[in-house]
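Line order of the protein sequences matches chains A and B. Residue numbers are given in full-length UniProt numbering: position 59 of the first sequence equals residue 59, and the series is strictly consecutive. Residue numbers are given in full-length UniProt numbering: position 181 of the second sequence equals residue 181, and the series is strictly consecutive.
Among these hints, one or two may not hold up.
In this list, chains with the same sequence are indistinguishable; a pair is considered to hold if it fits within one copy or across any two.
Under the rule of at most 30 Å between Cα atoms (straight-line distance), these lysine-lysine pairs were calculated in the DSS-like manner [said to hold, decoys possible]:
1) Lys93 x Lys199
2) Lys104 x Lys175
3) Lys92 x Lys174
4) Lys15 x Lys273
5) Lys92 x Lys117
6) Lys203 x Lys174
In short, the hints are calculated from the structure, not lab data.
Number of protein chains: 2
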Amino acid sequence: MFDGGIGPITVSTLKEAEFFLKGGFRDILYAVSIVPSKCRRVHDLMRAGMRPDDPVVMAITRLLHESPGANFLGYLTHAGDSYNCPNISAIKKHAVQERDAVVKCAEAAQEIGITPKIVSMGSTPTATFSEDLTGIDEVRAGVFTFQDLFQANLGVCQTGDIALSVLTTVISHKKDQNRIIIDAGGMALSKDRGTAGQKNDHKFGLVCTVESGEVIDDLIVESANQEHGIITSRSGRDIDFSRYPIGRLLSILPNHVCMTAAAHDEYHIYGNKQEILHIWHRCHGW
Amino acid sequence: MFDGGIGPITVSTLKEAEFFLKGGFRDILYAVSIVPSKCRRVHDLMRAGMRPDDPVVMAITRLLHESPGANFLGYLTHAGDSYNCPNISAIKKHAVQERDAVVKCAEAAQEIGITPKIVSMGSTPTATFSEDLTGIDEVRAGVFTFQDLFQANLGVCQTGDIALSVLTTVISHKKDQNRIIIDAGGMALSKDRGTAGQKNDHKFGLVCTVESGEVIDDLIVESANQEHGIITSRSGRDIDFSRYPIGRLLSILPNHVCMTAAAHDEYHIYGNKQEILHIWHRCHGW
Numbered sequence: 001m002f003d004g005g006i007g008p009i010t011v012s013t014l015k016e017a018e019f020f021l022k023g024g025f026r027d028i029l030y031a032v033s034i035v036p037s038k039c040r041r042v043h044d045l046m047r048a049g050m051r052p053d054d055p056v057v058m059a060i061t062r063l064l065h066e067s068p069g070a071n072f073l074g075y076l077t078h079a080g081d082s083y084n085c086p087n088i089s090a091i092k093k094h095a096v097q098e099r100d101a102v103v104k105c106a107e108a109a110q111e112i113g114i115t116p117k118i119v120s121m122g123s124t125p126t127a128t129f130s131e132d133l134t135g136i137d138e139v140r141a142g143v144f145t146f147q148d149l150f151q152a153n154l155g156v157c158q159t160g161d162i163a164l165s166v167l168t169t170v171i172s173h174k175k176d177q178n179r180i181i182i183d184a185g186g187m188a189l190s191k192d193r194g195t196a197g198q199k200n201d202h203k204f205g206l207v208c209t210v211e212s213g214e215v216i217d218d219l220i221v222e223s224a225n226q227e228h229g230i231i232t233s234r235s236g237r238d239i240d241f242s243r244y245p246i247g248r249l250l251s252i253l254p255n256h257v258c259m260t261a262a263a264h265d266e267y268h269i270y271g272n273k274q275e276i277l278h279i280w281h282r283c284h285g286w
Numbered sequence: 001m002f003d004g005g006i007g008p009i010t011v012s013t014l015k016e017a018e019f020f021l022k023g024g025f026r027d028i029l030y031a032v033s034i035v036p037s038k039c040r041r042v043h044d045l046m047r048a049g050m051r052p053d054d055p056v057v058m059a060i061t062r063l064l065h066e067s068p069g070a071n072f073l074g075y076l077t078h079a080g081d082s083y084n085c086p087n088i089s090a091i092k093k094h095a096v097q098e099r100d101a102v103v104k105c106a107e108a109a110q111e112i113g114i115t116p117k118i119v120s121m122g123s124t125p126t127a128t129f130s131e132d133l134t135g136i137d138e139v140r141a142g143v144f145t146f147q148d149l150f151q152a153n154l155g156v157c158q159t160g161d162i163a164l165s166v167l168t169t170v171i172s173h174k175k176d177q178n179r180i181i182i183d184a185g186g187m188a189l190s191k192d193r194g195t196a197g198q199k200n201d202h203k204f205g206l207v208c209t210v211e212s213g214e215v216i217d218d219l220i221v222e223s224a225n226q227e228h229g230i231i232t233s234r235s236g237r238d239i240d241f242s243r244y245p246i247g248r249l250l251s252i253l254p255n256h257v258c259m260t261a262a263a264h265d266e267y268h269i270y271g272n273k274q275e276i277l278h279i280w281h282r283c284h285g286w
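Let's have the full structure, built from the sequences with the hints guiding it.
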């Protein structure tokens with residue numbers, strides 16, 4: 001995916017930073033608050049995030065700029081709240097807000113004689129629907145790589161765009177309960193219920209054929225025990241069990257791809273004939 | 001923990017079975033439905049579970065007993081529904097029901113001239129409160145090893161009995177929102193919200209001191225982003241931030257220990273002086 005690349009990349013654990021450094025990356029952004037031992041001077045001012053108009057932003061800018069131990073690079077924001085937008089028009093407004101916030105910080109710094117090298121924004125929804133990136137040097141969009149049902153609900157993608165699914169096997173039928181049991185439960189799918197508060201609650205995931213990758217009727221993973229998942233039909237219509245014999249492979253689209261991917265050690269990249277083209281290794285832990 | 005042991009042990013993935021086999025275990029129960037390739041003869045009768053009075057139970061018993069390719073061992077049940085009991089008295093009733101169900105199967109087999117070698121029951125709640133195990137050869141209780149907040153809510157344990165917690169660091173303060181940010185989010189705690197439907201909803205976990213392991217006031221992990229957790233007070237009372245400076249270690253009790261443990265590669269076993277006594281490796285995957 002990043003053959004020979006050196007970045008930029010945004011990481012959220014030091015383990016990831018080490019992983020990508022080892023892979024040749026040299027432009028790595030660690031987007032998590034640091035502890036005092038790493039930067040004593042900004043200790044008292046540290047925040048998980050600041051409002052762009054908070055005077056403390058310029059105070060920190062000055063402090064870092066003047067510090068012999070630090071190298072002030074610029075401003076970064078992440079529109080986490082874009083995940084709560086009800087529609088695309090709201091995401092577009094959010095993208096403007098996000099850009100304005102961080103660009104205004106850069107302008108305020110210019111006014112006190114400090115030129116930021118990087119002005120960075122990003123979230124998958126705002127990255128997708130931004131119409132004006134003037135003043136922005138870097139857009140960080142993570143879920144973007146694979147997409148998921150949460151993003152599909154936001155209107156950021158279609159279910160057909162979701163590039164990651166969990167391969168599972170039908171292991172039992174409960175015909176009297178209109179249920180199919182599969183060998184993917186919470187451990188394989190994660191227990192993320194991010195779509196619970198959205199317009200389409202997909203419970204623990206949508207069910208697709210392995211062959212075409214298309215969503216099957218209204219089949220849904222209704223619940224996820226540790227190693228079992230339970231598929232039923234959303235409408236309550238009778239499932240045609242003969243189409244899903246024991247041993248049949250299915251694939252499940254994830255609610256939140258970050259959580260689901262974290263349950264697995266490898267990505268298996270499939271070709272059109274379901275042959276494995278590549279295996280990508282993941283980085284676990286902290 | 002199982003120094004030199006050879007079992008019995010119950011596993012839910014073949015990877016776990018291989019892991020314990022390698023570790024010397026010889027009595028391993030794989031408690032998941034098998035696919036046809038493994039046992040063609042029972043294909044058409046396979047179920048995720050059967051009611052003990054279903055005539056198909058004895059039909060399968062006969063089939064396995066008479067099959068040259070299979071070795072019928074006995075009956076197994078798991079009182080998954082004991083997780084929904086509102087109180088201890090209901091769990092006790094459930095334990096009786098569970099024992100009766102599986103023992104009655106064994107008796108019915110005796111009546112048709114087949115003697116089961118193993119009659120097995122188990123779930124952490126019923127294992128804890130069973131008062132009569134007559135006719136039972138094996139009790140399987142998994143969460144029992146560590147306990148968790150879900151079990152504490154059921155009355156199976158006290159929070160002080162929970163033997164697993166996630167070590168985390170305070171990385172930021174949001175005083176205006178009465179929030180502490182920690183570096184343990186959904187990736188470290190899991191997104192399991194098993195306590196959501198119980199009498200005490202602990203959101204993503206209770207907060208304890210590292211030194212004494214005691215729950216701190218009414219602090220709770222209110223939400224879990226990917227790598228961040230947000231602690232607040234359940235009552236809304238002001239947090240005394242001076243007690244939780246940036247860099248301070250805290251430990252978080254898990255909702256569902258199976259899901260939380262799966263996020264980590266190792267267990268670190270602590271002594272009374274917070275020294276690491278042992279490191280236990282985990283088995284991941286399928």
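Hints, one by one, checked against the model:
| no. | hint | in the structure |
| --- | --- | --- |
| 1 | Lys93 x Lys199 | within (20 Å within a copy, 40 Å between copies) |
| 2 | Lys104 x Lys175 | between (61 Å within a copy, 24 Å between copies) |
| 3 | Lys92 x Lys174 | between (46 Å within a copy, 28 Å between copies) |
| 4 | Lys15 x Lys273 | between (35 Å within a copy, 27 Å between copies) |
| 5 | Lys92 x Lys117 | within (26 Å within a copy, 66 Å between copies) |
| 6 | Lys203 x Lys174 | within (19 Å within a copy, 32 Å between copies) |
Hint compliance for this structure: every hint is met.
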